[in-house]
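Peer 1: Single-letter residue listing:
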Amino acid sequence: QQQVKQSPQSLIVQKGGIPIINCAYENTAFDYFPWYQQFPGKGPALLIAIRPDVSEKKEGRFTISFNKSAKQFSLHIMDSQPGDSATYFCAASIFQGAQKLVFGQGTRLTINP
Amino acid sequence: DAGITQSPRYKITETGRQVTLMCHQTWSHSYMFWYRQDLGHGLRLIYYSAAADITDKGEVPDGYVVSRSKTENFPLTLESATRSQTSVYFCASSDLAGITDTQYFGPGTRLTVL
Chain A
105 QQQVKQSPQS
115 LIVQKGGIPI
125 INCAYENTAF
135 DYFPWYQQFP
145 GKGPALLIAI
155 RPDVSEKKEG
165 RFTISFNKSA
175 KQFSLHIMDS
185 QPGDSATYFC
195 AASIFQGAQK
205 LVFGQGTRLT
215 INP
Chain B
48 DAGITQSPRY
58 KITETGRQVT
68 LMCHQTWSHS
78 YMFWYRQDLG
88 HGLRLIYYSA
98 AADITDKGEV
108 PDGYVVSRSK
118 TENFPLTLES
128 ATRSQTSVYF
138 CASSDLAGIT
148 DTQYFGPGTR
158 LTVL
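Which chain is which? The protein sequence lines are A and B, in order. Numbered per this note's numbering, the first sequence spans residues 105 to 217. Numbered per this note's numbering, the second sequence spans residues 48 to 161.
Just chain B, same shape as in the assembly (with noise of 0.2 Å):
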């Protein structure tokens, strides 16, 4: 009974690289989130996806990208980091399309950007 895993837990990156974390979930839930976890932003939505190969954008999307070829994982990709990009990132799943639907959240991925 995983239910949700992100890795990796932690990662130092340098500016200008591309880095990728991953998020799988093992409920095959339908929706998947990344969300950005920043001191005095609370958390605040990157992207999301209803299914497989179905994304759209949240509030922060810019220099993020995911991808969703199968339901049980959703990567983000930072295309060139940058130090804004030093955040806590969690990862989040829910089931069904209903407003009072649990979104059940991952660890986090703790990023730092030099």
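Chain A with its partners taken away, still in its complex shape (with noise of 0.2 Å):
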């Protein structure tokens, strides 16, 4: 109930490319789905966020597709360039005492030049 299920867990694609990571869980009292994006060494970092009440949210070239119906939510990156190479995971939240994170596996995602 509590586990999100992130897919693939590795991704190569050229520079232009469309990567796509998709998410999906079970628990319905998820309210709050961000993304973070992490560099070898580094901790992770927010990248995007979306609330279960809108499916769609853009932040320059990410893009969030999420389908409450379904429970998956999607990360894609347009015009991937190869400083996007990174390691991606999605998440999905309840806040009850504080905002408890529940990760993904993450995707190794490698852009090529």
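Keep in mind that a hint or two might mislead.
What the hints assert, rightly or not - Straight line, CA to CA, 25 Å or less: simulated SDA-like cross-link-like pairs of lysine to any residue: (1) A:K146 / B:N120; (2) A:K146 / B:D100; (3) B:K104 / A:G201; (4) A:K204 / B:V135; (5) A:K109 / B:D109; (6) A:K204 / B:R64; (7) B:K104 / A:Q209; (8) A:K172 / A:Y136; (9) A:K146 / B:T147.
It is worth saying that the hints were derived from the structure and are not from the lab.
Build the complex: two chains, separate frames, hints provided.
Peer 2: Printed below as a string of structure tokens:
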């Protein structure tokens, strides 16, 4: 119930392509869905996030698509660049005393020049 | 502008030893969190704190102890380290008590238990 399943584990895309990372959840009580980006040797950093009352959110080249009925959400990266190569984590949270994030397993994304 | 720092960045210890990982933030954020990152599991919440002297368990608290006597510090102690606690540990903080608040992560501590 508390799990967030993320796929694929790894993804290789050519520069300019559109990598898509998918996540699925079971607990309908989740009310916030952030994506984090992590570079090697660094901590994760918030990239973009969405609430379940919205079906899509865009910030620059990054877009979250959210399907509440299917309990799925995905990250799309438009015009991908080698600098986007990183590990991406989806997450879902419930606020119970604090914002408790449940993370997906992570996707290692490589953008080839 | 240090933000959130963790020390040490790397630690090797032996089974059964006590080890403390330090986390310090300069923002005066109310909330602080400890996560562990393992391949195939993403990040999992160990403990969190809503304010000084207020702490609570997360998803995987067993074998860990936390304290928060000052707002800016949130140490994590492994009282008797086990090999299964080999992991990368991240501390995070957030300011407000809101659904959409951003958690800011430190650079991590890589812990190896031999």
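Peer 1: Take a quick look at whether K204 of chain A and R64 of chain B sit within 25 Å of each other, Cα to Cα.
Peer 2: Given pair K204 of chain A, R64 of chain B is violated - Cα atoms ~29 Å apart, limit 25 Å.
Peer 1: Just to be careful, I want the Cα atoms of K104 of chain B and G201 of chain A compared with a cutoff of 25 Å; is the pair within it?
Peer 2: The hint holds at about 11 Å.
Peer 1: Can the restraint linking K146 of chain A and D100 of chain B be considered satisfied, given a maximum Cα separation of 25 Å?
Peer 2: Violated. K146 of chain A to D100 of chain B sits at ~29 Å, over the 25 Å cutoff.
Peer 1: With a cut-off of 25 Å on the C-alpha distance, tell me whether K204 of chain A and V135 of chain B pass.
Peer 2: The hint holds at about 19 Å.
Peer 1: Between the alpha carbons of K146 of chain A and N120 of chain B, is the straight-line distance 25 Å or under?
Peer 2: With Cα atoms ~20 Å apart, K146 of chain A and N120 of chain B stay inside 25 Å; holds.
Peer 1: Compare the distance between the alpha carbons of K104 of chain B and Q209 of chain A with 25 Å, and conclude whether the hinted pair is satisfied.
Peer 2: Roughly 21 Å separates the two Cα atoms, so the pair holds.
Peer 1: Does the structure keep K172 of chain A and Y136 of chain A at a Cα separation of 25 Å or less?
Peer 2: Given that 25 Å is the threshold and the Cα spacing comes to 12 Å, the pair holds.
Peer 1: Need the status of pair K146 of chain A, T147 of chain B: alpha-carbon distance at most 25 Å?
Peer 2: holds (22 Å)
Peer 1: Decide if the proposed pair is consistent with the structure: K109 of chain A and D109 of chain B, CA atoms, cutoff 25 Å inclusive.
Peer 2: Distance ~23 Å between K109 of chain A and D109 of chain B Cα, so the pair holds.
This entry does not satisfy hints 2, 6, going by the numbered hints stated previously.
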